[in-house]
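Trainee: Sequence:
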Amino acid sequence: MAEPTLKIIKRLFAHSGNKCAFPECKTDLVEANENGTVLGEICHIKARSPKGPRFDNEQTDQERNAYDNLILLCANHHKLVDDNANIFNVSVLSEMKKSHEERMKRGEREEDVFFAKKLINNTQFIENKGNLIINSPGATQISQLNVTNKKAKIVVLPPSGSIGHNVALTAYIQHLIRRYNEYASADTSRKRKFNYGALSKNIDDRFGSTWRQLPVEKSPDVIKYIQSRINRTRIAKINRGKGYKAYSTLDEWLAKYNI
Numbered sequence: 001m002a003e004p005t006l007k008i009i010k011r012l013f014a015h016s017g018n019k020c021a022f023p024e025c026k027t028d029l030v031e032a033n034e035n036g037t038v039l040g041e042i043c044h045i046k047a048r049s050p051k052g053p054r055f056d057n058e059q060t061d062q063e064r065n066a067y068d069n070l071i072l073l074c075a076n077h078h079k080l081v082d083d084n085a086n087i088f089n090v091s092v093l094s095e096m097k098k099s100h101e102e103r104m105k106r107g108e109r110e111e112d113v114f115f116a117k118k119l120i121n122n123t124q125f126i127e128n129k130g131n132l133i134i135n136s137p138g139a140t141q142i143s144q145l146n147v148t149n150k151k152a153k154i155v156v157l158p159p160s161g162s163i164g165h166n167v168a169l170t171a172y173i174q175h176l177i178r179r180y181n182e183y184a185s186a187d188t189s190r191k192r193k194f195n196y197g198a199l200s201k202n203i204d205d206r207f208g209s210t211w212r213q214l215p216v217e218k219s220p221d222v223i224k225y226i227q228s229r230i231n232r233t234r235i236a237k238i239n240r241g242k243g244y245k246a247y248s249t250l251d252e253w254l255a256k257y258n259i
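Counting in the UniProt record's numbering, the sequence shown runs from 1 upward without gaps.
Don't take each hint at face value.
Unchecked claim - Listed next, the in silico DMTMM-like pairs over lysine to aspartate or glutamate satisfying Cα-Cα at most 25 Å (straight line):
no.: 1; residue 1: Lys-26; residue 2: Glu-108
no.: 2; residue 1: Lys-256; residue 2: Glu-95
no.: 3; residue 1: Lys-98; residue 2: Glu-110
no.: 4; residue 1: Lys-79; residue 2: Asp-56
no.: 5; residue 1: Lys-19; residue 2: Glu-182
no.: 6; residue 1: Lys-201; residue 2: Glu-217
no.: 7; residue 1: Lys-118; residue 2: Asp-61
no.: 8; residue 1: Lys-19; residue 2: Glu-102
no.: 9; residue 1: Lys-79; residue 2: Asp-28
no.: 10; residue 1: Lys-224; residue 2: Asp-205
no.: 11; residue 1: Lys-117; residue 2: Glu-102
no.: 12; residue 1: Lys-218; residue 2: Asp-83
no.: 13; residue 1: Lys-7; residue 2: Glu-110
no.: 14; residue 1: Lys-98; residue 2: Asp-28
no.: 15; residue 1: Lys-46; residue 2: Glu-102
no.: 16; residue 1: Lys-26; residue 2: Asp-68
no.: 17; residue 1: Lys-98; residue 2: Glu-108
no.: 18; residue 1: Lys-118; residue 2: Asp-82
no.: 19; residue 1: Lys-105; residue 2: Asp-28
no.: 20; residue 1: Lys-7; residue 2: Asp-112
no.: 21; residue 1: Lys-218; residue 2: Glu-252
no.: 22; residue 1: Lys-193; residue 2: Asp-205
no.: 23; residue 1: Lys-245; residue 2: Glu-24
no.: 24; residue 1: Lys-51; residue 2: Asp-251
no.: 25; residue 1: Lys-118; residue 2: Asp-68
no.: 26; residue 1: Lys-19; residue 2: Asp-204
no.: 27; residue 1: Lys-26; residue 2: Glu-101
no.: 28; residue 1: Lys-19; residue 2: Glu-95
no.: 29; residue 1: Lys-19; residue 2: Glu-58
no.: 30; residue 1: Lys-256; residue 2: Glu-24
no.: 31; residue 1: Lys-98; residue 2: Glu-58
no.: 32; residue 1: Lys-224; residue 2: Asp-251
no.: 33; residue 1: Lys-79; residue 2: Glu-3
no.: 34; residue 1: Lys-224; residue 2: Glu-252
no.: 35; residue 1: Lys-105; residue 2: Glu-63
no.: 36; residue 1: Lys-237; residue 2: Asp-251
no.: 37; residue 1: Lys-98; residue 2: Asp-204
no.: 38; residue 1: Lys-105; residue 2: Glu-24
no.: 39; residue 1: Lys-105; residue 2: Asp-205
no.: 40; residue 1: Lys-98; residue 2: Asp-56
Honestly, the hints are just simulated from the structure, not real lab data.
Could you put together the complete structure from these sequences and hints?
Mentor: Laid out in structure tokens, this is it:
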């Protein structure tokens, strides 16, 4: 089976900014250590094999391995988008790739060849290893996965019954967090440098766990809290005075994106 060329992956890596393309994910594709540990994977938007997610029978092998059909993701989000191909369809992944590259891309560098080779050669084997309990109030039981690439790594996926396991809720909460960061960071009266991770930390402190690990039943409370934070921003108050909404409701957002 044909593979993407080194030239294409080199360009893809440069345009990724060395970050997973999934919204709000901060995972490096290649860690900045002496070994250059690879955490990223090459994901085909339209699968390269007939039984794969989003496979297009009319594509040629060359088109399947072309730049426009590839996106770089961490192992966690690669599994998420492929396991939920009905939600993360070709249109959604293509837009995800475009949006990420518009924000993160830079010019290619000579050393990118090294990183591109690592990504191409990166073969990971995922084996289920039972359950892991996170010792924090309100957290649910989560599955532990061993991800092996030369040496063992552990990738923790969202637990069944958690907010993070629900694709629609995850996408909406990420939308709200982005909206808060957009409004709060644009406040010119702010005296301190804006911290894009502060809201997520506040959620952790308020609910006793990261929002992805909380049970689905907690999602209305998490959503209400983030919406209240958006409502208190200066831009939201100005927009409200003009009759503009600061964000869509969950139902409106799901209907808009047909999720």
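Trainee: Tell me if the straight-line CA distance from Lys-98 to Asp-204 falls inside 25 Å.
Mentor: violated (30 Å)
Trainee: With a cut-off of 25 Å on the C-alpha distance, tell me whether Lys-98 and Asp-28 pass.
Mentor: holds (18 Å)
Trainee: Taking 25 Å as the top limit, are the C-alpha atoms of Lys-118 and Asp-61 close enough?
Mentor: Distance ~22 Å between Lys-118 and Asp-61 Cα, so the pair holds.
Trainee: Given the hinted pair Lys-19 and Asp-204, is their alpha-carbon gap at most 25 Å?
Mentor: holds (23 Å)
Trainee: For the pair supplied as a hint, Lys-117 and Glu-102, is the alpha-carbon distance within the 25 Å limit?
Mentor: holds (24 Å)
Trainee: Holds or violated: are the alpha carbons of Lys-79 and Asp-56 at most 25 Å from each other?
Mentor: holds (19 Å)
Trainee: Does Lys-105 pair with Asp-28 here, judged by a C-alpha cut-off of 25 Å?
Mentor: holds (14 Å)
Trainee: Are Lys-218 and Asp-83 close enough, with their CA atoms no more than 25 Å apart?
Mentor: holds (24 Å)
Trainee: Just to be careful, I want the Cα atoms of Lys-26 and Asp-68 compared with a cutoff of 25 Å; is the pair within it?
Mentor: Judged against 25 Å, a Cα distance of about 22 Å means the pair holds.
Trainee: Do the alpha carbons of Lys-201 and Glu-217 lie within 25 Å of each other, as the hint requires?
Mentor: Holds, at roughly 20 Å.
Trainee: Quick one, are Lys-118 and Asp-82 close enough, alpha carbons at most 25 Å?
Mentor: Given that 25 Å is the threshold and the Cα spacing comes to 22 Å, the pair holds.
Trainee: When you check the alpha-carbon spacing of Lys-98 and Glu-108, does it fall within 25 Å?
Mentor: Holds, because 17 Å separates the two Cα atoms, which is no more than 25 Å.
Comparing the model with each earlier hint shows violations of hints 24, 29, 37, 39; every other hint is respected.
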